[in-house]
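Undergrad: Given only the sequences and the hints, what does the whole structure look like? Please build it.
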Amino acid sequence: MTQFNVNQRPHQDLPLFNTEQWMYEEFEVGSKIRSIRRTISEGESMQFNALVMDLHPYVADEMFAKEEGVFGRRLVAGALVFSMGLGLMAHNNIHTFSYGYDKLRFIKPVFIGDTIYTVRTHVEKRPKYTEMGLVRVSYEVYKNEGELVLYCEHLQTVKYRYPEQWQDQVEKKGSG
Numbered sequence: 073m074t075q076f077n078v079n080q081r082p083h084q085d086l087p088l089f090n091t092e093q094w095m096y097e098e099f100e101v102g103s104k105i106r107s108i109r110r111t112i113s114e115g116e117s118m119q120f121n122a123l124v125m126d127l128h129p130y131v132a133d134e135m136f137a138k139e140e141g142v143f144g145r146r147l148v149a150g151a152l153v154f155s156m157g158l159g160l161m162a163h164n165n166i167h168t169f170s171y172g173y174d175k176l177r178f179i180k181p182v183f184i185g186d187t188i189y190t191v192r193t194h195v196e197k198r199p200k201y202t203e204m205g206l207v208r209v210s211y212e213v214y215k216n217e218g219e220l221v222l223y224c225e226h227l228q229t230v231k232y233r234y235p236e237q238w239q240d241q242v243e244k245k246g247s248g
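Mapped onto this note's numbering, the consecutive letters of the sequence shown carry residue numbers 73 to 248.
Derived from the structure by calculation, the hints contain no laboratory data.
Hints are supplied without guarantee of correctness; some may be wrong.
As the list claims (entries may be wrong) - Derived DSSO-like pairs: lysine-lysine, alpha-carbon spacing no greater than 30 Å straight-line:
id	residue 1	residue 2
1	K244	K197
2	K244	K231
3	K180	K231
4	K245	K231
5	K245	K175
6	K197	K175
7	K180	K104
8	K175	K231
9	K244	K175
10	K231	K138
11	K138	K245
12	K197	K104
13	K245	K197
14	K138	K104
To be verified - Distance windows between CB atoms, simulated:
id	residue 1	residue 2	range
15	E98	D126	36 to 44 Å
16	R109	L176	17 to 25 Å
17	D133	K104	34 to 42 Å
18	K175	Q80	18 to 26 Å
19	K180	I108	31 to 39 Å
20	E203	L127	40 to 48 Å
21	V124	R198	19 to 27 Å
22	R177	K104	18 to 26 Å
23	F89	Y223	27 to 35 Å
24	R198	Y223	36 to 44 Å
25	F183	H83	19 to 27 Å
26	I108	R198	42 to 50 Å
27	E217	Q80	14 to 22 Å
28	Q237	G185	45 to 53 Å
Glycine is no exception: its CB is placed at the ideal position from the N, C-alpha and C atoms.
TA: Written out as structure tokens, the structure reads:
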């Protein structure tokens, strides 16, 4: 049996899957990318509802939804659509940090069995701090083929590759 030496890291130099390494300078305003699609199952919907204790009749009560609900069937919770929609575009960029979300809107209902995908658009960038700029991306979540159901904007701080180039433009001194 081969013993593994904890000081050896044989896979350390392999490229990492599902990562981005872009920095502020590489952020291109106007660029767009689309995610893969995924269908939201009843199990996922109910598991999420139980996890966050969202037992509203529209998301958790089939009889209510069919007999009294406006849509005639159960909805997927908006918070789950937001989570899954943005999760489809999630990256592991070590140079970015979430600053918050703006303009979150649930535009149309999503139902169990709907298939969603997301389009991310790079909207804006501006120098903000001495070590990081601020970037704004929009997320549009669609169901089926092209029906917009959710919109939001994500603000992220992103490290500069060349911080010295931005010092005369920063809004706030300090790194964040």
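Undergrad: Taking the hints in turn, state whether each one holds.
TA: Hint by hint, here is what the structure shows:
no.: 1; hint: K244 x K197; result: 15 Å, holds
no.: 2; hint: K244 x K231; result: 14 Å, holds
no.: 3; hint: K180 x K231; result: 36 Å, violated
no.: 4; hint: K245 x K231; result: 14 Å, holds
no.: 5; hint: K245 x K175; result: 27 Å, holds
no.: 6; hint: K197 x K175; result: 17 Å, holds
no.: 7; hint: K180 x K104; result: 22 Å, holds
no.: 8; hint: K175 x K231; result: 24 Å, holds
no.: 9; hint: K244 x K175; result: 24 Å, holds
no.: 10; hint: K231 x K138; result: 50 Å, violated
no.: 11; hint: K138 x K245; result: 56 Å, violated
no.: 12; hint: K197 x K104; result: 15 Å, holds
no.: 13; hint: K245 x K197; result: 17 Å, holds
no.: 14; hint: K138 x K104; result: 38 Å, violated
no.: 15; hint: E98 x D126: 36 to 44 Å; result: 38 Å, holds
no.: 16; hint: R109 x L176: 17 to 25 Å; result: 21 Å, holds
no.: 17; hint: D133 x K104: 34 to 42 Å; result: 39 Å, holds
no.: 18; hint: K175 x Q80: 18 to 26 Å; result: 49 Å, violated
no.: 19; hint: K180 x I108: 31 to 39 Å; result: 21 Å, violated
no.: 20; hint: E203 x L127: 40 to 48 Å; result: 44 Å, holds
no.: 21; hint: V124 x R198: 19 to 27 Å; result: 34 Å, violated
no.: 22; hint: R177 x K104: 18 to 26 Å; result: 19 Å, holds
no.: 23; hint: F89 x Y223: 27 to 35 Å; result: 29 Å, holds
no.: 24; hint: R198 x Y223: 36 to 44 Å; result: 21 Å, violated
no.: 25; hint: F183 x H83: 19 to 27 Å; result: 42 Å, violated
no.: 26; hint: I108 x R198: 42 to 50 Å; result: 31 Å, violated
no.: 27; hint: E217 x Q80: 14 to 22 Å; result: 49 Å, violated
no.: 28; hint: Q237 x G185: 45 to 53 Å; result: 50 Å, holds
Hints 3, 10, 11, 14, 18, 19, 21, 24, 25, 26 and 27 from the list above are not met by this structure, while the remaining hints are.
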